[in-house]
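Hey, can you piece these two chains together into the complex? The hints should help.
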Amino acid sequence: MASTSQDTVSSKTQENDDLEPGACPESILNPADTFEEFASEMSSSLQERNVLCTKSSTISEIQSEIAESIAEIKMRATKSSDDLQSKDESMSASASSSNLLEQDGDETDDEKDNYLQSPELVNKEKHVFILSSAGKPIYSRYGNEDKLAGLCGVIQALVSVVEEQNQDILRSITTKDCKAVFLVKGPLILVAVSKSNESETQLVLQLTYAFNQIVSVLTLTQLNRIFEQRRNYDLRRLLSGAERLIDHLLIFMEKDPAFLLGAVRCLPLPEKARENITNAITSTCNKIRDLVFAIMIAGNQLITLVRMKKYTLHPSDIHLLFNLVRSSESFKTAESWTPICLPKFDATGFLHGHVSYISEDCQACLLLLTVQRDAFFPLSQAKHTIADKMRRSNCLIAINEALNRNENLPTTNPLKHIAIPEIRHFMYKCKSTAQLFTSDPISLDRLQDYRLRHKEGGDICVKKIEKLSDIDYVRNYREFVSKIHCTSTPAKLIFRSNSNDTVLAWVTNGFELYVTFDPLMEKDQAIKAVDRLLRWIKNEEQRIFIMNAPTF
Amino acid sequence: MSSRKKVLLKVIILGDSGVGKTSLMNQFVNKKFSNQYKATIGADFLTKEVIVDDRIVTMQIWDTAGQERFQSLGVAFYRGADCCVLVFDVTAPNTFKSLESWRDEFLIQASPRDPDNFPFVILGNKVDLDNRAVSAKRAQQWCQSKNDIPYFETSAKEAVNVELAFQTIARNALAQETEAELYNEFPDQIKLNANDNSRNRDGDNCAC
Numbered sequence: 001m002a003s004t005s006q007d008t009v010s011s012k013t014q015e016n017d018d019l020e021p022g023a024c025p026e027s028i029l030n031p032a033d034t035f036e037e038f039a040s041e042m043s044s045s046l047q048e049r050n051v052l053c054t055k056s057s058t059i060s061e062i063q064s065e066i067a068e069s070i071a072e073i074k075m076r077a078t079k080s081s082d083d084l085q086s087k088d089e090s091m092s093a094s095a096s097s098s099n100l101l102e103q104d105g106d107e108t109d110d111e112k113d114n115y116l117q118s119p120e121l122v123n124k125e126k127h128v129f130i131l132s133s134a135g136k137p138i139y140s141r142y143g144n145e146d147k148l149a150g151l152c153g154v155i156q157a158l159v160s161v162v163e164e165q166n167q168d169i170l171r172s173i174t175t176k177d178c179k180a181v182f183l184v185k186g187p188l189i190l191v192a193v194s195k196s197n198e199s200e201t202q203l204v205l206q207l208t209y210a211f212n213q214i215v216s217v218l219t220l221t222q223l224n225r226i227f228e229q230r231r232n233y234d235l236r237r238l239l240s241g242a243e244r245l246i247d248h249l250l251i252f253m254e255k256d257p258a259f260l261l262g263a264v265r266c267l268p269l270p271e272k273a274r275e276n277i278t279n280a281i282t283s284t285c286n287k288i289r290d291l292v293f294a295i296m297i298a299g300n301q302l303i304t305l306v307r308m309k310k311y312t313l314h315p316s317d318i319h320l321l322f323n324l325v326r327s328s329e330s331f332k333t334a335e336s337w338t339p340i341c342l343p344k345f346d347a348t349g350f351l352h353g354h355v356s357y358i359s360e361d362c363q364a365c366l367l368l369l370t371v372q373r374d375a376f377f378p379l380s381q382a383k384h385t386i387a388d389k390m391r392r393s394n395c396l397i398a399i400n401e402a403l404n405r406n407e408n409l410p411t412t413n414p415l416k417h418i419a420i421p422e423i424r425h426f427m428y429k430c431k432s433t434a435q436l437f438t439s440d441p442i443s444l445d446r447l448q449d450y451r452l453r454h455k456e457g458g459d460i461c462v463k464k465i466e467k468l469s470d471i472d473y474v475r476n477y478r479e480f481v482s483k484i485h486c487t488s489t490p491a492k493l494i495f496r497s498n499s500n501d502t503v504l505a506w507v508t509n510g511f512e513l514y515v516t517f518d519p520l521m522e523k524d525q526a527i528k529a530v531d532r533l534l535r536w537i538k539n540e541e542q543r544i545f546i547m548n549a550p551t552f
Numbered sequence: 001m002s003s004r005k006k007v008l009l010k011v012i013i014l015g016d017s018g019v020g021k022t023s024l025m026n027q028f029v030n031k032k033f034s035n036q037y038k039a040t041i042g043a044d045f046l047t048k049e050v051i052v053d054d055r056i057v058t059m060q061i062w063d064t065a066g067q068e069r070f071q072s073l074g075v076a077f078y079r080g081a082d083c084c085v086l087v088f089d090v091t092a093p094n095t096f097k098s099l100e101s102w103r104d105e106f107l108i109q110a111s112p113r114d115p116d117n118f119p120f121v122i123l124g125n126k127v128d129l130d131n132r133a134v135s136a137k138r139a140q141q142w143c144q145s146k147n148d149i150p151y152f153e154t155s156a157k158e159a160v161n162v163e164l165a166f167q168t169i170a171r172n173a174l175a176q177e178t179e180a181e182l183y184n185e186f187p188d189q190i191k192l193n194a195n196d197n198s199r200n201r202d203g204d205n206c207a208c
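As given, the protein sequences belong to chains A and B, one line each in that order.
Using the numbering used here, the letters of the first sequence correspond one by one to residues 1 to 552.
Using the numbering used here, the letters of the second sequence correspond one by one to residues 1 to 208.
Please note that the accuracy of each hint is not assured.
What the simulated footprint calls covered on chain B by chain A, stretch by stretch (three residues with Cβ under 8 Å from a Cβ of chain A suffice, anywhere in the stretch; the number is not a length) [as the list claims (entries may be wrong)]: (1) 44-56; (2) 79-93.
One side only, chain A facing chain B, incomplete, derived with CB under 10 Å [claimed, not checked]: (3) Ser132; (4) Lys136; (5) Glu145; (6) Leu415.
If you're looking for bench data, these hints aren't it; they were derived computationally from the structure.
Since we're looking at a predicted model, the values are computed, not measured.
Note that beta-carbon positions come from the ideal geometry of N, C-alpha and C, so glycine has one too.
This is chain B alone, in the form it adopts within the complex (with noise of 0.2 Å):
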């Protein structure tokens, strides 16, 4: 059971530009803000540790750019992640429509193996602000109408739920990974035996 000591999760923050990937990932890992924009260049990789019910965790998180003219990175970026953020900002409506375009994005260029399964959290960023043109209610609703992802108001200025936010992604990708592990602990043995067809067996009749 050695293999319970580490797990490192690939977390993936997907979003319009100027939303606050960038500032809610600082925030989580270097408790820093800075209300200063710089654009991403392709993508930032952060790592934390976190724990989770007493395992230690190593989040290695993909900041990716917001800005169309530096995404360059597409499928490759979004291969074997565990978890993917999606985020927008409450003061301004058109990144909140766009978190549709950018799931069915990710499902497709990622094409996980289960997707109506696999682990999003939605953040809605930059609640300090007065401003706010989405309602809670109404990103609410979007989030239990795919499945009921979980949502979150954060602001990444002021710490507001930001690490309870990672916190739940970690969790969530991490039910996943245990789930896999069924599957992956004891691999099959490689038949030996060439009169033994016990391979076409047990194999083909798995319905997904």
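Just chain A, same shape as in the assembly (with noise of 0.2 Å):
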């Protein structure tokens, strides 16, 4: 059966404890770990969740050093002493539900409860709820929420019973099948309701990656002051358009480990390809005072983040740009011009952003954010200056290849080319830059598919999948990865082996790692495919990472 062993690390894996591979002194991403971030977020009690944090505004900063063009101002690191109060006072509240649901059992009850039993509600891995704390319906995954108010009405008292009356904060009830997890965030109740292996915390990322959506919609300070004015509002009229964004980052967070891990998944390109990329947004964009971040994407991965200096991005906030771009077909056909606000950049105020891919034959989209309202046309003016460089320098071609997964591309198919046959599957992340590389990434069609077959259903599968993907490996890897981030007794190691596979989970100072093995693997074996495993990815690194942080 199954041997879990949580021993220290053995002397074999010691040796790499200095080896990164992709770690680079300076970042383009915030590493700053979400996942114990949404821990400690679990356990902040109701007072201090009322609390307001009132961050200064990043925009009203940036926009207030180019007013005065002051030069240089040293920044301070300031690193916030992350008091994670692991006091692991994990609560589970006991609302008695009873009282709120009652059932009389004649037929008026059976009625109206006939919604709750369609078949578009029942069998769904996960429901995601998301409501105004009055009760008012917002959104449901699933079926219409118009339909679903009864059943808000009976969130919302579980939530301010335990509130109002126990002083508590009600974070989940769990059944015997079935997880349900709540979120209060400012004017909202945010509710996963789960049958998958998925952890409390995962969940709670999830309701948090959600709620981020809306702010990037709406900002922060518009949803505060809509609520504050009108408790009753229907903020369904102010997010008409913008549910196709939260369905589709639910299903992207159930599928892409870059949620799991909080990384950001580059697209594999030669160093030189990207340098020239690069440099073609550098050298077009040097003279344009107020534009904050150039970002190049494709298919979910990154090419290039070129940043006004001091400023980085988090992943949570790439991972909503890479939303954004996804689930809207109409940047495809016309340069856009949009306002979108950033969460953990600055959730008070909107930057403006120019949108566009940069042409026909290839599927990279350029976003140009800039703090500047009126800043259209010189954007548009850049990004055609920097699509003609691309191609001139061959740019287009190479970020084709890695698009196409070009078989000759050594990380096209990696697992064929580590050659390391027990190895099925593998993940990693280097820490310090927040980036992540995996052994099947998925590629733009895959995903398309899942959303397809997501639409007919996100019923619970019960049907043998033939050939493991990257999305079934990483439905596997999720016990481990909140064993590896469990905040009161964390693992470094965890190594189990059995009839059906192997699975390695490691973490170090530098990086985590997520290997599959073949079934019954023997733990020196495994440790010696890791060496020759983490040694590829050292070679490699120029090629998967982005290894530098340019600036403007």
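Written as structure tokens, this is what we have:
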């Protein structure tokens, strides 16, 4: 049977502690670990939650700097002293729902609950509901939220009874086969009801992402102001059209390990090609004063990110940009000018983004984000210059080869290239740069597939899958990730071997690595293989990671 | 203008225990009546779609417990309501006298932005019974004294005026809602120029 060992790192692995493939001194991404953040969110008390974090606006900061054109302000690295309250009072409030859900069993009650039993709603692996603190429905992943007004009332009542009478926070309700996780964020209540193997923290993380998606459309300032003015506001009016973004985000989060690990996946490119792309951007944009970020992405992967000195982006903000681009077909046909709020960067205001695809024959998308409201034309001009420069230096071909997964590239099918037959799958995160690489990157089309399949159902699937893909492996890694990131007793190394497979999860100061081997592997054998794997990643690091942090 | 598509109204029903709150709701939503009395524990939630002036409106009806020992929801319950329905029993004068305190309680707990114009509706229920003790005139006078709250005499048992009453409830709540749209349809742009202090100019002078 399964043998789980949580050994101290063996002597063999210790040698590798200083090997950190992908690490570089400066990072374009803010590597603050989202996972720990959410774990701390979950242990925050009611009082702490009510204290509104009054963070000054980054956007106005940039603007005032530009306006005054002051020279260099020495940046103080204000390391947030993560006061993780790992008091681990993992409360599970026992709100007596019987009060509210009391069923009399007569006909009328049966009738009113019929909708909850309809095929649109039953047997789903995960539901997500968003409602206002008044109990008005805003979003339901499945079904018609209008018809779920009754359910929303019950949710609101559960949350507020625990809050008001017990001066406590309702975090989750666990039944035999189902977890309901609650998150109160500002004027909204978000709930996930899940039968998946995701942990409470992972579900809270997804709900926070859904909240951030709403903030990204409205800004936190506007969201709070609306409900301060009218607590009965029906937020669907302002979000019409944005439900689609939440739909896509929820699917995206279930499938892509980037969310699980709080990291960003880069499009593997030859070092020279990436350098040329970056140079095309910097040489074109270094005169545009208000430009904060220039980001090029393709298929949920980062190609390059050029930033205003001293500002970095958080992976979760980049994920929202990925999601925006993936969910908006209209960007493909026209240059767009759109307000975008990046909640981690500055939740209080909008950046303005020029969004467009590089050309018809290259599916890379360029986002130029500025604080200037009327910069469309200069940025449009810049985009065309960048595209021309890229074409001349053959960058479009390099991008297309990577996107089309050209068989000759070592990164297209890494497992074949590494030639360690026992390894079935791996995912690697470089912690200092918050970047990720997996052995079987989800291609654009496949994610599309899952989306279509999901539209039809999202039902719990009992069917045995013949060939496991990235997505299935990620599903299996979830429990390992939550053990590694457990705030009370974090594991450093997990080795589990059974007749299905062998999984090794390993975290050091520099990286996180999850590997699936053939069944019944010996520990030494696995460690040797991991050794070789890390050397391969190190060899390819220039290609699979962004190893510098360019600025304008 | 896609925002005109869906409207959801949160309607709260309050009143002493046994006046017929749940029965009225059942008559309105399910077209059914039962003589049996079952106390509501905490709250019941029902929804019904109605059409008001060509708009489809979903009414989210929060039926509350009248018995004090089951009134556990308080502030949370009233928060963000669009309309409040106060019910009394025309055969029980005490339940009529309580209206005043139910109304005050609601205004305190819900603290709506404009309490004077918050839409209430009063229902005098059980008019099918013979032993009437509160006259229509007395009820109407009280309603007039409270900024002209609409008053209906209903029978949940015989479905008298129930439909009409709820129609009025939806219409009055909707009127408030559309007024609100004027404020929120065009949220002011976030001023991005740091030198532009216009935010002080248009805020701050609101008299309320």
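Hints and how they fare:
1. 44-56: Holds, because 4 residues of the stretch 44-56 of chain B bring their Cβ atoms closer than 8 Å to Cβ atoms of chain A.
2. 79-93: With 4 residues in contact (Cβ-Cβ under 8 Å with chain A), the coverage given for the stretch 79-93 of chain B holds.
3. Ser132: At about 6 Å, which falls below the 10 Å cut-off, the nearest Cβ of chain B leaves the hint on Ser132 (chain A) intact, so it holds.
4. Lys136: 6 Å, holds
5. Glu145: 9 Å, holds
6. Leu415: The hint is violated - Leu415 (chain A) has no Cβ within 10 Å of chain B, the shortest such distance being about 48 Å.
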